[in-house]
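Each chain, written out:
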Amino acid sequence: MLELDAAAGETVMAAARRLGFTWPTVCGGNAECGVCALEVVAGGTAIAPPTAEESARLSTLPERRLYPDRTYRLACRLVGADGLVVRKRGVMPSD
Amino acid sequence: MQRYAAFGNEQIPRERFTSREFLELEYERLWPRVWQVACRVEEIPGPGDFVEYAIGDRSAFVTRTASGAIRAFHNTCMHRGTALASGCGAFAGEIRCPFHGWRWDLDGNSTFVLDAHEFPAEPAEDLRLRDVRCETYGGFVFVNFDTTAPSLLDALEEIPGYFDPYRPERMCFTTHKTTILPANWKVVVDAFNEGYHIATTHPEILRWKDDAALEYTPLHTHTRYGGAGWPVPSPRLGIPADEVDEQELLAFKIEDLVDNLPGYIGPAEAEALRAVARAPLPDGMTAGDFYLKRRRDGAAARGLDWSHLDDDQVLGGDDLLVFPNFIGPVIAGAFFGYRVRPNGMDPHSCIFELWTLEERAEGEPHTMCEREVYPDWREHEWGLVVEQDFENFAGMQRGLKNTAGGGLRWNRRQESCVRRFHEVLDRYLFDAPT
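Protein chains in written order, with the working numbering: chain A, 310 to 404; chain B, 439 to 872.
Simulated from the structure, these hints should not be mistaken for lab results.
Virtual Cβ for every residue (Gly too), placed ideally from N, Cα, C.
Among the hints, a few may not be true.
Claimed, not checked - Partial selection, computed: residues in chain B whose CB lies under 8 angstroms from chain A:
no., residue
1, 644
2, 690
3, 694
4, 749
5, 829
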């Protein structure tokens, strides 16, 4: 459990990095690998819907096929919002 | 024309993938001297069945004789040179030239010359079709245009040591697809000769495979990589060991393989495996334990004996490159192979075939599947993984024509098989024949 204080307009991945955490990614935050995908647990109404670019990447996400009822978003594209709660394995303090 | 081997770990010139001169050198020094896969035995089950094998301007055909032997001949009439076989089919008892009707028996002996008395007398032996070296291994029929080449088995070196346990001779075709890809043939061979591209090109595989743990074994002539078959998330995902969800792993592995790489697991097995992808794991069993048990139990139920195969061979298998142009993964029960050839005199495209084979129980008939041809690969659904690879090729070839970046840089471990392939190629192109 980790609480991130995101700046306005900042993505979840960028906020995590700024606060000293590494977020899993292969493409480095370019919406290409899908490795940064997170599950939205609560607060989903406060966030903007995915762009066409993000939706395209989400469409082949293995997690979505496995859990069709869950909401997945890319941490490199999702802009944080008050009350947003997400689940992600592998987020670690840098060093 | 620079050879690559002289560069050691240095960068690799791009021209070998783009120049017409390099392609011509390959046609002159490589293809006439190397064993290459022409077809499978199940494609020519009866006397007179034939398959043509063409590489550049050279063409041979493989056929089965009346006694059941397999032979290959240069595909040219002794009269005016007409090609005697085209594609695949069956000779009606004899080989017959469509132009003036000269005929040969299936052993290549001349049997008929129309108005023979009007030709100068010539020993019958001189009218024989010209033999091409032809030998089989594991149900694959190889040809070699070099009459002085070593035997196929000698040339295969360590390959049977890796391939034999999977019993390729008991496998037969389940798909045979041909297309043209927009890249040099070596760009395509290289793309399948390493797992370094998995993380970026096939990131969904990271959910169930430790891509960085693949072992690379560049052999003397051929190459092999493999291992890392036990399902675990790639360390690139950063998932701590105690947070790995074995149930999820099982589904990721089975569904990715069955749905996104059709043919990697043979069709007889794929459906049964797919049905248990989301079955609750029995207490104490990991995804790897369960997957292994299902594969082994399923094989036994289909009459296949895998008792001699170790767990790695059932879980992950071996990716083999049979130098120069036949490459792909073999696992217990199935082979997923690519045959890649240059496309005429165009260094920027190649003829690509996907051959998938599945093991049959002893005594089960070996049949040939339908052959599919797609001049444009986008006309067909190949499965996500293969299409992800195909998507890269046009950009790779286009970028290689641009020399601004200097030479290519290869990963010393994960691209060591790519390096070996080019070193061996250079032996053919630049060393004097021994």
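Could you work out which earlier hints the structure fails to respect and list their numbers in ascending sequence?
Violated: hints 4 and 5.
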